[in-house]
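Protein chains: 6
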Amino acid sequence: MGFMDNVIDQLCIPSSYEGVYHSSKRHAPMPSVETLSEIVSRLRAVLFPGYFGHAEIEPGTMRYHIGTNLDKIHRLLTEQINRGHCFLCTLDDMDCDACEQEAQDICRRFIDSLPELRRLLVTDVMAAFEGDPAAVGPGETIFCYPSITAVTNYRIAHQLQNLGVKLIPRIITEMAHSVTGIDIHPGATIGEHFFIDHGTGTVIGETCIIGNNVRLYQGVTLGAKSFPKDEEGVLVKGIARHPIVEDNVIIYSGATILGRVTIGKDAVIGGNVWLTRDVAPGSRVLQNPADNH
Amino acid sequence: MGFMDNVIDQLCIPSSYEGVYHSSKRHAPMPSVETLSEIVSRLRAVLFPGYFGHAEIEPGTMRYHIGTNLDKIHRLLTEQINRGHCFLCTLDDMDCDACEQEAQDICRRFIDSLPELRRLLVTDVMAAFEGDPAAVGPGETIFCYPSITAVTNYRIAHQLQNLGVKLIPRIITEMAHSVTGIDIHPGATIGEHFFIDHGTGTVIGETCIIGNNVRLYQGVTLGAKSFPKDEEGVLVKGIARHPIVEDNVIIYSGATILGRVTIGKDAVIGGNVWLTRDVAPGSRVLQNPADNH
Amino acid sequence: MGFMDNVIDQLCIPSSYEGVYHSSKRHAPMPSVETLSEIVSRLRAVLFPGYFGHAEIEPGTMRYHIGTNLDKIHRLLTEQINRGHCFLCTLDDMDCDACEQEAQDICRRFIDSLPELRRLLVTDVMAAFEGDPAAVGPGETIFCYPSITAVTNYRIAHQLQNLGVKLIPRIITEMAHSVTGIDIHPGATIGEHFFIDHGTGTVIGETCIIGNNVRLYQGVTLGAKSFPKDEEGVLVKGIARHPIVEDNVIIYSGATILGRVTIGKDAVIGGNVWLTRDVAPGSRVLQNPADNH
Amino acid sequence: MGFMDNVIDQLCIPSSYEGVYHSSKRHAPMPSVETLSEIVSRLRAVLFPGYFGHAEIEPGTMRYHIGTNLDKIHRLLTEQINRGHCFLCTLDDMDCDACEQEAQDICRRFIDSLPELRRLLVTDVMAAFEGDPAAVGPGETIFCYPSITAVTNYRIAHQLQNLGVKLIPRIITEMAHSVTGIDIHPGATIGEHFFIDHGTGTVIGETCIIGNNVRLYQGVTLGAKSFPKDEEGVLVKGIARHPIVEDNVIIYSGATILGRVTIGKDAVIGGNVWLTRDVAPGSRVLQNPADNH
Amino acid sequence: MGFMDNVIDQLCIPSSYEGVYHSSKRHAPMPSVETLSEIVSRLRAVLFPGYFGHAEIEPGTMRYHIGTNLDKIHRLLTEQINRGHCFLCTLDDMDCDACEQEAQDICRRFIDSLPELRRLLVTDVMAAFEGDPAAVGPGETIFCYPSITAVTNYRIAHQLQNLGVKLIPRIITEMAHSVTGIDIHPGATIGEHFFIDHGTGTVIGETCIIGNNVRLYQGVTLGAKSFPKDEEGVLVKGIARHPIVEDNVIIYSGATILGRVTIGKDAVIGGNVWLTRDVAPGSRVLQNPADNH
Amino acid sequence: MGFMDNVIDQLCIPSSYEGVYHSSKRHAPMPSVETLSEIVSRLRAVLFPGYFGHAEIEPGTMRYHIGTNLDKIHRLLTEQINRGHCFLCTLDDMDCDACEQEAQDICRRFIDSLPELRRLLVTDVMAAFEGDPAAVGPGETIFCYPSITAVTNYRIAHQLQNLGVKLIPRIITEMAHSVTGIDIHPGATIGEHFFIDHGTGTVIGETCIIGNNVRLYQGVTLGAKSFPKDEEGVLVKGIARHPIVEDNVIIYSGATILGRVTIGKDAVIGGNVWLTRDVAPGSRVLQNPADNH
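Residue numbers (UniProt numbering), protein chains in the order written: chain A, 1 to 293; chain B, 1 to 293; chain C, 1 to 293; chain D, 1 to 293; chain E, 1 to 293; chain F, 1 to 293.
What the hints contain is simulated information worked out from the structure, not anything from laboratory work.
A portion of the hints provided could be inaccurate.
Same chains, same names: a pair is fine if it fits in one copy or spans any two.
Straight-line alpha carbon distances no greater than 25 Å define the calculated SDA-like cross-link-like pairs of lysine to any residue that follow [to be verified]:
(1) K265 with D105
(2) K166 with D5
(3) K166 with L36
(4) K225 with T123
(5) K229 with M126
(6) K166 with D9
(7) K265 with R277
(8) K72 with E102
(9) K166 with M4
(10) K265 with E130
(11) K225 with G211
(12) K72 with A240
(13) K237 with C12
(14) K166 with V136
(15) K225 with N288
(16) K72 with L117
(17) K265 with P14
(18) K225 with G282
(19) K72 with G164
(20) K225 with G131
(21) K72 with C12
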């Protein structure tokens, strides 16, 4: 099978694999999607006791289950945080012990924030139940609704991102994106009592700021309009370029809102609208009516 | 690691987990997504013999495979139906034996309906093959097309919902939603010979009524326009609030149709249209042309 | 449980299962989605060494890993190609040895094309990195971005389709569709340096021709407008019916472009636009502004 | 394939399957070997913290891990105990609730006995370490020695048997038999500080009574000599028919000791001996020397 | 890591791997231990309905389960039989179609023999129950006793061997050997109502002939005494060289009986005996008593 | 469920878990039996190409498979060697980097020795084939015979032990012990062309020295006779206390040979013999004949 030797030779020439080959620093392996998936499952079991985690939980034994899950999360997540840092590390002169210590610290701070993270999710569950006449109870939304899945992953990822974690937050939101079709960048800021009905195709960009009590539908884009480049033609990263959506706004399915515009408090944006300008508080923006032909 | 004891304490305070904790009645466990997934796989093997189920099937042995699958489905589904009822049970004075008996009866009636369910799916397969010039044969649509996946789950779920099953139907349609991006509420009513091409992002609401021979594309929303609340500000559940789509209608990608409107027979709705009014039979509704800028 | 015997009887009547029963030729089993999934995973490990494949790879050992993966791919894919042919085989007088030999030949030619396939993917990775200000490095796009997942599956499937493989290419693009919400038909032709941001709901039809350096967003449809039928009312297959998109075009989210129209070089198509006509090179097409109400 | 219908017919005639068919009472399924295996794994994790159970355990988090394991053991074992009773149930007029309650009570009493069970195992670990010059530390015996595996399963099974559990104890000792070749009947009584070196082929019968500080080697049989039958020729069950082995006895490999004989304190029994009589305390019994030929 | 290239070179020199390398004929893969394990599990489910096979079985649905299992066994076993033949094939001029046809025929004849095979196993179950005072019912012996496991595998393997199958029978008896410590060669001939108590270490050689109603204990060897070689010093294969054990014989633990000797009807052989001569019907052979020292 | 809190309290008192709790140094986890099992499987695939490893191997692709396996073995085994050292580490002032470096060095030396290890195994395969008239070819012994399984694990473990590895060698021989019933201590020294027929219950002690061309049967013990203790009553470890077995010796089933005795060249030891003295070269030792009673 000499033909194969030939292909293998070509695929092993450095010029062939340059740009698509990952060479790890000090043998640090890639972050593990499987382990991150286990971590998120355990977090879900901690945050929504009795709904997830293969365990019937009673108040009398809850401590044990939450404690065991947190202990595992602590070990597993610390390592994944460190792998995330190694993935992007460009130092020749590495101080790996310092990175490992930092991963420890970040992980602890993340675990400390779980009660607050759950407090926010309680409001999201209420938003889902109150916002959908088809919901028969809050429990149904926790167990079945893509919005809760996507928002839980987002809130976890956002908190990790705020604590300085690299790469891992994006993997966690992409997990939810793949399962729900809802793509929330971990860098976005989202207030309490948030709900996305149906959700498939909704995109929330990196620098979005969303207030409290906002409701979106499927196929809504909160995106960027243009990407300034620097003098050398390279995209400038980190500029605020996505919409601000204030409290109590509703945006219907398929609406596209681009750029650093502000959708004022209590506004309603109709379906399929294309918007690149500010919208005053309390106003309603609808598409022009379609014609018969 | 005293810091963890502190977090665990906070997470175990009843006020923290109120609203996100599931306390099961009489130790009835949660419905199992894994088991429901097995049930749906076995139903697929029964409905489409030879395509699914890890078995080459010949007419001479078909009885055995279908019989074995139905026997397993019968046992597994009866239990899941019962768990679905327990999930929502609010009685202090439970008569669990009666519930178990009811789950038995429902399950039998569901199995009795499988020949009719398959008859409908045969028409859906023909619709997919006839509706897509890229399809090379009906078999390809059964094995590869998201529409068949989503419509099969929907027809199973809808039949269960009609028989009075709780929660399980929604889990079954959400399974298909996650895999196909097509979100059909189990309460919707859909006629024969139904096809959704590509499908990602299409949403069909709870009270929709869809006739025979209807074709949708990706990103179509058949949703609600507003949600009446009662005097106490609580959403009124169960009101007819989604479109009626009559026979032979075609709705192109990205169209959004909201409210209890009627899209008359043979109508064609263009892509990206936003519609909240009735459409006469046979008419064509298109978006206004976009301008150059 | 006599009720079950009755249902089984009904489900085993030929008129019940006609059209949804697959009877294999000479006991050739169905293509295996699991095996195809393994094949694609191994291809990913070959194409992006160090990113996928559960292995840290160093230049010194790369040959072994790539060689082992290609040897497995060779065996597994040859069989799947053959099963794809059997699936559609309608001959009474089969020459299975000839088919097996052809599967061998196709598989070798496919493997021979992997260096070129990787060359294209390198340009796609650069397109993703350069096109998204949120990307922190090319590695992040390889490991996390749905676009790379979907385009990799598409390029594999397209090459197989060009070599005459049946059914398998469609299964491979549907795998990516299910995970990313991006639906690219394996028959489409796509140039270098291609990127789809976010991607959920984007559809690229069978006869599309896309140039170099094109960028799409989520929810974009490049579809067919109408399907000519022959005199007997059967869809005519294989007609060029999807758009041509020339170099450097950008199409924003939710745009729907239908029919054999040409979007000229450097054009920009705004979000939510509905287009069924040619667009001149360099022009910008935007939706009419939405009104306040 | 009519030949198969014929075989199936024969295998479904009641006279064919009589005696090898299990018909469950009220649909109680068979005890699950997989679940019992999980239960024993979790018990091992509880009894030997840090050695088993996929968890690094520190004193500060030990409570959580042990609590979680005990909660799972409690649920799983209660059900298995009940299934064991159903397996042997011959009542027409069943009171299943009473059985379930009894299973609950037994399970609690079993869990209450775990500290004492661990105390015994600590002495067995010391016996293994002190009795084998090849052992490099007590930890090695816990992690590697078949004796610890077999004796742990035996002590668990014996305690369950004492509490009145049916069938389950035998399954648990057979699990260890299969893995270690050591066959200890759960009915046997064994004192502290017990060790079986190598162990393959050693058999300890149902009515054996073994004192403290006893050491056996591989291939030792402590069996019955004859089985009295009653007037109808049926074996009389439950008669004391196996040896009594007093404190500090050593029995070397391949020795066979049959019947209700007593091996007195401090006796040493040589390898390959065949013994059916009492042995005085402190004596040594060896095989006659083999001859050259 | 040049050191590894060097080792790999050495391991790939033909003189290094000669004798331990398997080069398959026409790419026929090795028999699969996993698949054979599945086949044996399904056979166990067919032979002992309700005890094995993850299914509660009722008379009314038994046909379906047995039919499905036999259909799977038929496909899987036919292929494994063929692989067994390929494994030993030394022909240059192969007629693989003939071999595949033969595998088909053998497999059918094997399936035809299952009712008789079950009839024999029913007698073995009774032998186990009647022969062990510790057994609480025949069901316990089916579910828990190594003897039933080993004898079931043996009877399957022996039937396959009689039908001319290569290699597979030995793999099947080795599976049971590994799990029970009982090593029965598939070539041995064993009558009805056979029981081996405890069983670990018992060996029954290729040319043994065992009558009805025989009971063995653990550690019994029925072996060969010497192996005649031909003029070139090569072992002569296939010579009758193991004991004949007539009806109703009992052989206690650790007895070693070597050579083509006959143990006459109703004889009893004591534990640890070493025997290389005929034993008259009805006689008792015991080891000389061990002495005190 | 307060009763459980009470049990948990008792199980977490240090005096309860002392002696059965493993506290890892610097969070080094326990050696992983699963990973060691994977390592041994990969070694088997390297040593016996084409027989094991889920791959058909041809000379033209052998390098890739062996290279990939060795690269994985190298990574996995280095870590396990290190864990073995941590398991026994008692230092307060650890230099973990030095240990890791040593693990690297040992692992390389082990891999360097694989060609010699395979050379020995080739002779063992010939011994098995030549020594058993029931063997139909050398390939059957590689694929099916417990002797090859046990001796392969032993030779791997012995080499690791010679290189100074802790704990891991014993785990590897215990894996084979569990599956075959053959218990060979990794410290034993065994020459070329070694075969154990049937093997269940055979034990070869730590300080045994076995020459070339030796054949054993099942149930043979090469053990220690007495264990000298030091003044404080503690067993003296490491003393030569097991038999020396010279070239060409045959030992039949159930023989027990204890102490530092020498079985001279070409000697034959009969079954069930109990031996604690030297045996002259060429002599035959048999048990006294059993009597009729």
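Next item on the list: Provide an ascending list of the numbers of those earlier hints which the structure does not satisfy.
Entry: 1, 2, 6, 12, 13, 17
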